[in-house]
Amino acid sequence: MAVTGSNPAAQSAGPGNVPNSQGAQVSLSRERPGNSRAILGFSRWFPFYVMLAPGLIFFVIFHYVPIWEAQIAFEQVRIIPPNIWVGLKNFQMLFGSVVFWQVMANTIIISAMKMAFVFPVPIVVALLLNELRSARFRQSIQSVLYLPHFLGWVVISAIFIAQLSPSDGAVNDVLKLVGLKPISFMTEPNWIRWILVISENWRSAGWDSLLYMAAIIGIDQTLYEAAEIDGANRWQKIWHVTLPGIVPTIATLFILNCGMFLNADLDQVINMQNDAVISQIDIIDTYVYRIGLTAGQFSLATAAGLFKAVLGMGLILAAHVISKRLTGKGVW
Amino acid sequence: MAAARTPLERTESVLIGSALILMVIITLQPMLNLFAVSLSDPAQIVGMDGLTIIPRGLSTQVWQLLLTHPAVLTGIGNSAIITIGGTILNVLCTALMAWALARKSLPGRRLIFILVLITIVFAPGIIPDYFLNKRLGLLNTNWSVIFYHLVDAWYLIILVRFFEEIPEELLEAAELDGANAFQTFWHVALPLARPALATITLFYFVFHWNEFFRAMIYLTDQSKWPLQVVLRQFVVEGDKLAIVGVTNSNNYTGASQISVRALNSGMVLLTIVPILAIYPLILRFFTRGAMAGAVKG
Numbered sequence: 001m002a003v004t005g006s007n008p009a010a011q012s013a014g015p016g017n018v019p020n021s022q023g024a025q026v027s028l029s030r031e032r033p034g035n036s037r038a039i040l041g042f043s044r045w046f047p048f049y050v051m052l053a054p055g056l057i058f059f060v061i062f063h064y065v066p067i068w069e070a071q072i073a074f075e076q077v078r079i080i081p082p083n084i085w086v087g088l089k090n091f092q093m094l095f096g097s098v099v100f101w102q103v104m105a106n107t108i109i110i111s112a113m114k115m116a117f118v119f120p121v122p123i124v125v126a127l128l129l130n131e132l133r134s135a136r137f138r139q140s141i142q143s144v145l146y147l148p149h150f151l152g153w154v155v156i157s158a159i160f161i162a163q164l165s166p167s168d169g170a171v172n173d174v175l176k177l178v179g180l181k182p183i184s185f186m187t188e189p190n191w192i193r194w195i196l197v198i199s200e201n202w203r204s205a206g207w208d209s210l211l212y213m214a215a216i217i218g219i220d221q222t223l224y225e226a227a228e229i230d231g232a233n234r235w236q237k238i239w240h241v242t243l244p245g246i247v248p249t250i251a252t253l254f255i256l257n258c259g260m261f262l263n264a265d266l267d268q269v270i271n272m273q274n275d276a277v278i279s280q281i282d283i284i285d286t287y288v289y290r291i292g293l294t295a296g297q298f299s300l301a302t303a304a305g306l307f308k309a310v311l312g313m314g315l316i317l318a319a320h321v322i323s324k325r326l327t328g329k330g331v332w
Numbered sequence: 001m002a003a004a005r006t007p008l009e010r011t012e013s014v015l016i017g018s019a020l021i022l023m024v025i026i027t028l029q030p031m032l033n034l035f036a037v038s039l040s041d042p043a044q045i046v047g048m049d050g051l052t053i054i055p056r057g058l059s060t061q062v063w064q065l066l067l068t069h070p071a072v073l074t075g076i077g078n079s080a081i082i083t084i085g086g087t088i089l090n091v092l093c094t095a096l097m098a099w100a101l102a103r104k105s106l107p108g109r110r111l112i113f114i115l116v117l118i119t120i121v122f123a124p125g126i127i128p129d130y131f132l133n134k135r136l137g138l139l140n141t142n143w144s145v146i147f148y149h150l151v152d153a154w155y156l157i158i159l160v161r162f163f164e165e166i167p168e169e170l171l172e173a174a175e176l177d178g179a180n181a182f183q184t185f186w187h188v189a190l191p192l193a194r195p196a197l198a199t200i201t202l203f204y205f206v207f208h209w210n211e212f213f214r215a216m217i218y219l220t221d222q223s224k225w226p227l228q229v230v231l232r233q234f235v236v237e238g239d240k241l242a243i244v245g246v247t248n249s250n251n252y253t254g255a256s257q258i259s260v261r262a263l264n265s266g267m268v269l270l271t272i273v274p275i276l277a278i279y280p281l282i283l284r285f286f287t288r289g290a291m292a293g294a295v296k297g
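Quick note, the sequences are listed as chains A and B, same order. Numbering-wise (my numbering), the first sequence opens with residue 1 and increments by one. Numbering-wise (my numbering), the second sequence opens with residue 1 and increments by one.
Don't read these hints as lab results, they were simulated from the structure. Don't take every hint at face value.
Stated by the list, open to error - Simulated restraints, written as ranges between beta carbons of each label pair:
1. THR220/B <-> ARG234/A: 53 to 63 Å
2. TRP239/A <-> ILE81/B: 48 to 58 Å
3. ILE21/B <-> LYS181/A: 23 to 33 Å
4. GLU164/B <-> ILE80/A: 23 to 33 Å
5. GLY238/B <-> LEU223/A: 54 to 64 Å
6. ALA19/B <-> VAL50/A: 47 to 57 Å
7. ARG234/A <-> PHE122/B: 25 to 35 Å
8. ILE80/A <-> LEU67/B: 47 to 57 Å
9. LEU88/A <-> GLU169/B: 53 to 63 Å
As the list claims (entries may be wrong) - Calculated lysine-lysine pairs in the BS3-like style (CA-CA distance at most 25 Å, straight line):
10. LYS134/B <-> LYS329/A
11. LYS224/B <-> LYS134/B
12. LYS324/A <-> LYS104/B
Built from N, CA and C at the ideal position, the CB exists for glycine as well.
Please take these sequences and the hints and turn them into a complete structure.
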């Protein structure tokens, strides 16, 4: 699911650690014993602040200025500035709108479906891969299964549109072969959410299994030997040794995914949307885009975006705290 | 290691292997089918099914057309600029920032970490981002899709951790040799971090090449479109005029006979080519790195 780029398994030494103040500081004071401490600190650290500058300026401008810009959620935008402060009026309008709640419901339904039908798949893939005896065979399979993760959603959507086509797509060719009627999957409201689930699996089931494979490799081999001596068969070894061995990874990723619950992958949804199915897969992100950037209701769209951001923050902070308590590792 | 295997175990192994091979087929077949369609003789494409992976007849017309088409070439050019320029800036800024933050006694380090972590937790959405770009005059410039993701917070944290592992003595030795902070960064830190940097470079590259949503909203001028946006317009939005319309003019003799389906297929594959080109590197660096990390931890 949404584990792209993030590395939940890796642990930050970051802000929790108290910086140790010896080391370089000491070696410098040897060189220039006469200088006052403040000047010393400045000349010591100045080059590092120069290194920090581009990144830091980026974070401030592109992450903090937008937070300030988000005040238009509390304003009425006028063609001739300044805008008028209207307090929570935009939010009242948002919460009073039927479409908004439909969009919320879609987001939650799609995320829940992915939780149930996407999240477990890489675990199964990893368990299957681990059963292969030939390392070379396993690596060849892995190197194919990882590939779709690196394709953009425009490409994946184009592939799905082609392969689900009722006239000449592979899936419907198979349906016709077994005597069933072709289905127009991409424009069928009952199917489209499942298409999101299936395409997400197509894209990431292989790649996401990597984290579980890494956890499996870390399992103590003597446990398997002990199980074999006890006469355990393949499935008993999977159930009693492998699975328990990767439970911490499963738990961490599950909690992380809960934290990302409202992020129902904008790029995916926007490329799978069409007029026939939009009522089924219009999510918060596509709603914000549509009413904001295409319909020009900037204040209402920003209000929706802020509402999602606040809910999302609550979820991810909760995920962080729960994860830290359960596994000793936070989300970052 | 291998205890005597019962027939049951052997059957199980065959089933497991078959399940995985089926997954491999499901992964590859769609791309092979598109490839076959794009190379087929235009006259024989109608009625070609979605299962086949062998071209019917052989024609490179589609590829010739795509690779000489102005809209496609502009798209390739724009994507290349954004991807290469963006990746270089990403890696440089991320590495510099990570190197500074890896100094544990840097005053303000903790505050900066908190500043970065807040951005992971809270993002007010696309509309404020859009207005920021508008205010800065970045709309319809390549900077708009490069700047908004100059430093990835996750990659930054990973790289900081990597740099923190470099022993303090190495840096002191470099300092004693008279190296300044930048020389130490360039000659000590970067070479030591090569595997981590390679991974991050590849991921930024993929990110930029696949960039779509921001490009769609920030780059409204058609001449600025990267390939992904051209592809979306043509295949997903079904805007055939984006490519076929031009081809029907007398620039391309006989182009009107080219099947739209074949063009679609070629266009999708063309967009995948750079990813396929760097994929072996991804396999080499990332999977090995992830495995090594797991064994160590």
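Do the hints match the structure? See the list:
{"no.": "1", "hint": "THR220/B <-> ARG234/A: 53 to 63 Å", "result": "holds (57 Å)"}
{"no.": "2", "hint": "TRP239/A <-> ILE81/B: 48 to 58 Å", "result": "holds (53 Å)"}
{"no.": "3", "hint": "ILE21/B <-> LYS181/A: 23 to 33 Å", "result": "holds (29 Å)"}
{"no.": "4", "hint": "GLU164/B <-> ILE80/A: 23 to 33 Å", "result": "violated (53 Å)"}
{"no.": "5", "hint": "GLY238/B <-> LEU223/A: 54 to 64 Å", "result": "holds (55 Å)"}
{"no.": "6", "hint": "ALA19/B <-> VAL50/A: 47 to 57 Å", "result": "holds (55 Å)"}
{"no.": "7", "hint": "ARG234/A <-> PHE122/B: 25 to 35 Å", "result": "violated (47 Å)"}
{"no.": "8", "hint": "ILE80/A <-> LEU67/B: 47 to 57 Å", "result": "holds (49 Å)"}
{"no.": "9", "hint": "LEU88/A <-> GLU169/B: 53 to 63 Å", "result": "holds (58 Å)"}
{"no.": "10", "hint": "LYS134/B <-> LYS329/A", "result": "violated (40 Å)"}
{"no.": "11", "hint": "LYS224/B <-> LYS134/B", "result": "holds (16 Å)"}
{"no.": "12", "hint": "LYS324/A <-> LYS104/B", "result": "holds (23 Å)"}
When held up to the earlier numbered hints, the structure conflicts with 4, 7, 10 and fits the remainder.
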